[in-house]
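2 protein chains.
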Amino acid sequence: MNMKTFALVLSALTITSACTKHETEVSKQIIALEKAAMDRWSHGDVYGFLELSAEDVVYFDPMLEKRLDGLKKLTELYKPLQGKINVSKYDMIDPKVQAVENMAVLTYNFKSYEGEHVYQWNCTEVFRKEKDNQWKIIQTHWSFTKPELK
Amino acid sequence: MNMKTFALVLSALTITSACTKHETEVSKQIIALEKAAMDRWSHGDVYGFLELSAEDVVYFDPMLEKRLDGLKKLTELYKPLQGKINVSKYDMIDPKVQAVENMAVLTYNFKSYEGEHVYQWNCTEVFRKEKDNQWKIIQTHWSFTKPELK
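Chains as they are written, first to last, in my numbering: chain A, 1 to 150; chain B, 1 to 150.
Misleading hints may appear alongside valid ones.
Any copy, or any two copies together, can satisfy a pair, since identical chains are not distinguished.
Here are the computed lysine-lysine pairs in the DSS-like style, where the Cα-Cα straight-line distance is at most 25 Å [to be verified]:
hint, residue 1, residue 2
1, K111, K150
2, K96, K21
3, K21, K131
4, K96, K73
5, K96, K28
6, K21, K136
7, K28, K66
8, K66, K89
9, K146, K79
10, K72, K136
11, K96, K72
12, K66, K79
None of these hints come from the bench; they were simulated from the model.
When you get a sec, could you build the whole thing from the sequences and use the hints?
In structure tokens:
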């Protein structure tokens, strides 16, 4: 290998490692933000997720007839639940983050233990890096894992 | 308003309009890609979505026990359906794209008409702009809209 080739390989390796480092760094940040919001949620505090969501957030869950658009409507949906959620334990299963510079998608399976019930979910969160460098959720999609239909 | 303020306002307006133009442009592209893949799907061709998906695509649908990771596994899931889908009509309801430079999220509600059945879905697709400037799906989440559970 001559010096030019060596320099090219070194530069390629540096770029690859920089990308990986960026994704790993973002991945840690995003998962920590989600877990912090989920901890608050499981103790009945809906404002963890609301404070983490952007004004233009869009939202799906299996109780809604249609996609819900905007933080105002999400707040109206969540506010009546404040203090009424009691998740005794949860498992965030195999969280994965795919990221570019200013946007990242987090996906995971989820088990929540509420009283004697165990609920199984699929979850997709899309985060966008805002002008103040804070990551905010712009899309949430909750669905039941393999629901048994009537 | 003095000239300096005027120049600042003009520059701010240019940036805003550039962002909006970028999002509108990306929005058109993404929705066209999704519709083209959906047209092929509705005629029984699963390769529209497979060709539009990246190697590292992650995928949820309500028939799966867990998130599915990677194009290879998605191909194994879809291949047996080739030639067996017959969607007579579909409605992509209120598609919305939120985008940064190299990533975009598309969300919509969906109605598919298959024989005498009408199915209602929630859908989230995340697209990433690849090195060749092509947009590829890196995350798909299909779920039933307000399923009636047993």
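For this structure, which hints from the list above don't hold up?
Hints that this structure does not satisfy do not exist here, as all of them hold.
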